[in-house]
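**Student:** Sequences listed follow chains A, B, C and D, in order.
Mapping of the first sequence onto the working numbering: position 370 corresponds to residue 370, and the numbering continues sequentially without gaps.
If you want the working numbering, it's the 1-based position in the second sequence plus 588.
If you want the working numbering, it's the 1-based position in the third sequence plus 813.
If you want the working numbering, it's the 1-based position in the fourth sequence plus 1056.
What the hints contain is simulated information worked out from the structure, not anything from laboratory work.
Treat the hints with care, since some could be wrong.
Unchecked claim - Pairs of lysine-lysine, DSBU-like flavour, derived with a Cα cap of 30 Å:
(1) B/615 with A/547
(2) D/1108 with A/573
(3) C/954 with D/1143
(4) C/874 with D/1064
(5) C/1031 with D/1108
(6) A/520 with D/1162
(7) D/1271 with C/973
(8) D/1162 with A/446
(9) D/1271 with A/446
(10) C/870 with D/1108
(11) C/874 with D/1162
(12) C/872 with C/901
(13) D/1108 with C/956
(14) B/735 with A/23
(15) C/1056 with C/977
(16) C/870 with D/1100
(17) D/1271 with C/857
(18) C/870 with C/973
(19) C/901 with C/852
What the hints assert, rightly or not - Below, a sample of chain D positions facing chain C; criterion: calculated Cβ distance under 7 Å:
(20) 1164
(21) 1165
(22) 1180
(23) 1187
(24) 1253
Beta carbons: idealized from backbone N, C-alpha and C, even for Gly.
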Amino acid sequence: MTTVAATAHTTPAHHDDRSFIRKYIFSTDHKIIGIQFLFVSLFFLLIGGLLAMQMRWQLAYPGQPMPGGGILPESMAPGGVILPEYYIQLVTMHGTFMVFFAIMPLLVGVYANFLIPLKIGTHDMAFPRINMWSFWAFFAAGLVMLSSLFVPDGAARAGWTMYAPLSARHDYSGASIGQELWSVSIILVGLSSILGSLNYITTIINNRAPGMTWFRMPLSVWSLFITAILGLLALPVLSGAAIMLLFDQIIGTHFFDPAAGGQALLWQHLFWFFGHPEVYILILPAMGMVSDIVANGSRKPIFGYHSMVFAIIAIAFLGWIVWGHHMFMSGMNPTLGSSFMVSTLVIAVPSAVKVFNWMGTMWRGNIQFHVPMLNAVAFVAMFAIGGLSGIYMAATPVDMFIHDTYFIVAHLHYVLFGGSLFALFGAIVYWYPKMFGRMMSERWGKVHFWLTFVLYNCVFFPMHILGMGGMMRRLYDPSQYTFLQPYQPMNVFISISAFLLFATQVIFFVNFWWSLKKGKPAPQNPWNDNGLEWSLPSPAPHGNWEKVPTVYRGPYEFSSPQAAEDFLPQYTKLPTDREPVRAPVAGH
Amino acid sequence: MTHAAATVDQMLPPYPAERGLDVYNKKLGMWVFLASEVMFFAALIGTYVILRFGATGEWAKPGIVLNIKITAFNTFLLICSSVSMVKAYAAIQDGDPKKMRFWLLMTILGGAAFVGIQVYEYIHLVQHGFVPSGVREGSELAELVAKGTLPAATMGLYGSTFYTMTGFHGFHVTCGVISMAYLYFTKALPGKYTKQDYGGIETVGLYWHFVDLVWIILFTIVYLI
Amino acid sequence: MRKLGAVAATGVVLALGLAAWTRQPPPPAQGGTISGKVKFTGAKPVMPKIDMTEEPKCKAKYTAAPPTDEAVIVNANGTLADVFVYVKSGLPASYTAPAPAGPVTLDQDGCRYHPHVLGILVGQALAIKNSDGILHNIKAKAKANRPFNISQPTVMTSSKTFDKPEVMVALECNVHGWMHAWLGVLPHPFFGVSGADGSFTLKGLPPGTYTIEAWHEKYGAQTATVTVAGSETKTADFNFAGK
Amino acid sequence: MHWWLPLKGSTFAGEVDGLFLAITIITGIAFVLVEVGLIWFIVKYRQRPGQKAFYTHGNNRAEVIWTTIPAVTMVALGLISNHYWVKIKGRHSVPANAYPIAIHAKQFEWQVTYPGADGQLGTPDDFTVRNQLHVPVGRPVVVHLSSEDVIHSFFVPVFRVKQDAVPGMEINAWFQATVPGTYELGCAELCGLGHYRMRAQVVVHSQEDYDAWMKQAAQEASQ
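When you get a sec, could you build the whole thing from the sequences and use the hints?
**Tutor:** Below you can see the structure in the form of structure tokens.
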């Protein structure tokens, strides 16, 4: 955090006499909170990656001592050989960290906090103190989850989906405290997300700058708004389920234990009722930010702005009625399966619309390949693969074969890594100047991008083949099955690619840290963008604007004939522009 | 919450931003928060409904396990506290802070009494042998189960859902009482609420009515049917 | 009244302390011995065969006869093996167990536990050995002690200890559903398991009257009362009837 | 190693694979359209000095086209899939003459109960074998799945059949094997530390072989 302190406010726009602690630790400034989320969740991203590397070692070289594995305690990997119970902890914790502590906070915690006030033109969130609590609840949740790896009997081990009754009864899983800490941590995550979401929603509804009408909002803000609604309504269900799970674990209730009358499928229904909106929480903000970056990179207005907005809304709406597609094989009534299949296939439509609109945006553009644009285009390409592979499992008869195989693993990583994480690599580079006042290295950004892009496909594309061969998920040692033994060379190939992919991320992290202090000082508007945030100096000062700007147009007026340059910011007043009509300020 | 908003106001110059809704932030925020609370209780109540109607065999008889009379009185108390909340709100709208303080205090006392009675009820139930995991061995209720007056198969589920739902409701009431007491001492007593500024009362009132409404649903489905 | 109690308690503590201080710990070789046989009457039950086809490594270890279930093993001389006999009560309150000599080994060999029934001191290490080199998991369904469930995917040894007396802790392997072992955790070394001749011996008992219990996984427990004085050897036989 | 799907070992394996292929064709077209389009645009519309992008906010006709085509395709795919789904997994899909076998899943084994000589479960001549599923070829088999402890998933890749075994529920899954041989059954739902070892042998016999095996196994089990 000290580095942030050194660079975040090198050029304060106006006098700021808050103490260090109020400024950077218990800060209520949305930008600092966003940066706090960024640092913490990048750390968890690294942890999640490290866990994945251990899994990949075991899958490539089952039962062989892992290099450096000797530092792990006896209960995890005696002599560096990963134990089955540690392997399933790795599986569980990798999923949990990546979903709840890396991708979700990176997208929502970082960019909803950082971008919403800057992009809609307000001084801060509606409830800055609640915003601060949202971060600290998340931080506490992360610490609890991390600590669970080191308690007696180890961490939770029922998969990130925590299917009951394996998760609910310690005698089934062999874990104890770790399993309980998982529940506690998830309850805290829920609290954090709810507090964050209510802030984002209130801020976007009430605190937009004059002239920032709904349909002048950037798609990033639109997607964050819809994401916040999803989070607001989905996370309490998860929290409720996690509370019941925790009670099953510690005070002997029987919600999910069929041995005492409870219902095992109840957990799945509750979890996926949250879980599917969660999937869209993990992709919508990425879509929004990619829309901003693609329009900027193509120097062209986004193609079909309104249909993009309606696609987001449609995805969010349909996202509530598709949760059953995770449960086609669970013994749920097959007639329900039919209706979930149809709703799931229909949700492909708005996703397709978005992909075509991004392509439409690039069509006849004047495409600049800066690092954010490269990552954004990779997002479109990879999200397309992830979306298309989703159609296989939506079709229930095919799902009967590929459900819970590596095909699913491939699919979800194409969406979460190929989708969300590429968008994030783009977004981090794109808004880095506004956060820290410096640019990240363009050259190393490109090196990182190309290596990541190639290696990423080497890691995850072959998993489709494994899945088609029938390789189940979460297997400690697939070579135990005769029919999977021929696939071992492919597992080795995937693992080696994964190690290289992980090593490549070092480039990103070094670039990130190095640029904090040594990066090229950023101009006010390095990407020639139209958003309100670029009217501020880099880094954006505390309180953002002395007086909020007035908005005269939509966010994507690139190459407009009205302007001499190829961009026309939202805040630039042309002689032909009229002042927006101001509604009277409400209430008190 | 009030305090946080005040910090913003000191920090920021007032400006005529175009408002999306004709509702001030705190109130909108509370509505949004209540939407998430609805989902939370929906999860708990939905679980109860699924477990109850999916259970094989007869459901536990609330009339035998629980003391409905005392809870009915408690329900009445909570409804009264909702009325007194309305009274407090009406009073400050009329610009009568003294009357508002009185009714706010009544609401706090009503809420506190509700929590107190609920704690008493819990102690009583546990002594009888009704625990979250079902029926405690060797207790009065265990004998009833042995006699067949109460169904053995579903007592565990009834205990699980009963304590979780009413417990979390009680937790919400407690939070409400604490926030009202906080507002009472930091805002109402120093006379910071006026005819023009009573956002805190309105916001906490919304929450209070919501908690009350949830209780009426819970009382009906857990105690009565 | 309360004061009186406190005084009395202090007195007892002091007396015990004094006794412990003055008492010479008897060498374990001395003291009484209880020995006996566990007889079996009735029809000898036929134990089902275990099909280990799925584990060729284990199956290969049974060349003579196919392995059978180990729940009831009746010896050739009509006695019952794998009966856990131990002093249930009767030891003086001041008795302190000697420090355990070393770990007790539980070997998983040929997809079976060796031994099938065993005893261990509180705090003594249980070395769980996997000689098979295939996955075994060891689930201890303990109630008084902390339960555990660990796995051994390869040839290796894990160590576990138990904090509280518990008779018996069921051990099982869930990968090979036929694998069961029984572990008696005791605060003293006066326990034994009836062997291939059905006999057991409890050595080095201080003088006193003891309740000893014989426990069998299928036929339950029986008790007997035995008084031992000096270094004499007393006999206690048990008789289990087949059903 | 296959680069495509494994052996088709049941009557509906062909249908599942056919649907898989159909989806591959549909998504393949979309895939080529998107990825080739992207590469083409990247190359053709890359930044050039003096060039300005075409200023447009979109085209409603294009939006309608690329909303309608996927929507129609998806609905059609949904209807086709549903046809097979009802046939394979629908509530009344189990053939009336299906041969019953009960499988009880337990950490970490499959306890397969065969109906014995009378061909009916729940009679005294039933017997249970661990981790071995023997089925006759060319005859529908219905598996009554139950679970002792946690959720397991019955998965035989060559039959293209998968069904979770959920504690507290009995779920039926059926298939009709078409190719005699020895295959594997695995657990597809994480069920604990021995999940990866929860496998069983599947043997598809001709009817005569099956009867012979049954006689022998029943005899062994009764010993």
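**Student:** It remains to establish, for every hint, whether it holds in the given structure.
**Tutor:** Hint check:
A threshold of 30 Å between alpha carbons decides the hint, and for residue 615 of chain B with residue 547 of chain A the separation of about 25 Å falls inside it, so the pair holds. The hinted pair formed by residue 1108 of chain D and residue 573 of chain A meets the criterion: a straight-line CA distance of about 22 Å does not exceed 30 Å. The hinted pair formed by residue 954 of chain C and residue 1143 of chain D fails the criterion: a straight-line CA distance of about 44 Å is larger than 30 Å. Distance check on the hinted pair: residue 874 of chain C and residue 1064 of chain D sit about 37 Å apart at the alpha-carbon level, beyond 30 Å; violated.
For a cut-off of 30 Å, the pair hint linking residue 1031 of chain C to residue 1108 of chain D is broken: about 88 Å separates their Cα positions. At most 30 Å may separate the alpha-carbon atoms for a hinted pair to count; residue 520 of chain A and residue 1162 of chain D exceed this at roughly 61 Å. Restraint check for residue 1271 of chain D and residue 973 of chain C: not satisfied, since their Cα atoms lie roughly 46 Å apart, outside the 30 Å limit. Restraint check: the Cα-Cα separation between residue 1162 of chain D and residue 446 of chain A comes to about 52 Å, which exceeds 30 Å; the hinted pair is violated.
At most 30 Å may separate the alpha-carbon atoms for a hinted pair to count; residue 1271 of chain D and residue 446 of chain A exceed this at roughly 69 Å. Straight-line distance between C-alpha atoms of residue 870 of chain C and residue 1108 of chain D comes to about 73 Å, which puts the hinted pair past the 30 Å bound. For a cut-off of 30 Å, the pair hint linking residue 874 of chain C to residue 1162 of chain D stands: about 26 Å separates their Cα positions. Taken as a hint, the residue 872 of chain C and residue 901 of chain C pair is broken in the structure, with Cα atoms around 39 Å apart against an allowance of 30 Å.
Restraint check: the Cα-Cα separation between residue 1108 of chain D and residue 956 of chain C comes to about 77 Å, which exceeds 30 Å; the hinted pair is violated. The suggested pairing of residue 735 of chain B with residue 23 of chain A is violated, with an alpha-carbon distance near 66 Å, which exceeds 30 Å. Simply put, residue 1056 of chain C and residue 977 of chain C have alpha-carbon atoms about 33 Å apart, too far for the 30 Å limit, and the pair is violated. For the suggested pair residue 870 of chain C and residue 1100 of chain D, the alpha carbons sit about 64 Å apart, so the restraint of at most 30 Å is broken.
The straight-line distance between the Cα atoms of residue 1271 of chain D and residue 857 of chain C is roughly 27 Å, inside the 30 Å bound, and the hint therefore holds. Distance hint between residue 870 of chain C and residue 973 of chain C is fulfilled; the C-alpha atoms sit about 26 Å from each other, no more than 30 Å. Between residue 901 of chain C and residue 852 of chain C the alpha-carbon distance is near 20 Å, which keeps this suggested pair within the 30 Å criterion. Evaluation of the residue 1164 of chain D hint against chain C yields a held restraint, the C-beta minimum of about 5 Å falling below 7 Å.
About 5 Å separates the beta-carbon of residue 1165 of chain D from the nearest beta-carbon of chain C, less than 7 Å, and the hint is met. For the restraint placing residue 1180 of chain D at the interface with chain C, the shortest Cβ-Cβ distance is roughly 17 Å, beyond the 7 Å limit, so the hint is violated. Checking residue 1187 of chain D against chain C: minimum C-beta separation of about 5 Å stays under 7 Å; hint holds. A distance limit of 7 Å between C-beta atoms decides the matter here; for residue 1253 of chain D the minimum to chain C is near 5 Å, and the interface restraint holds.
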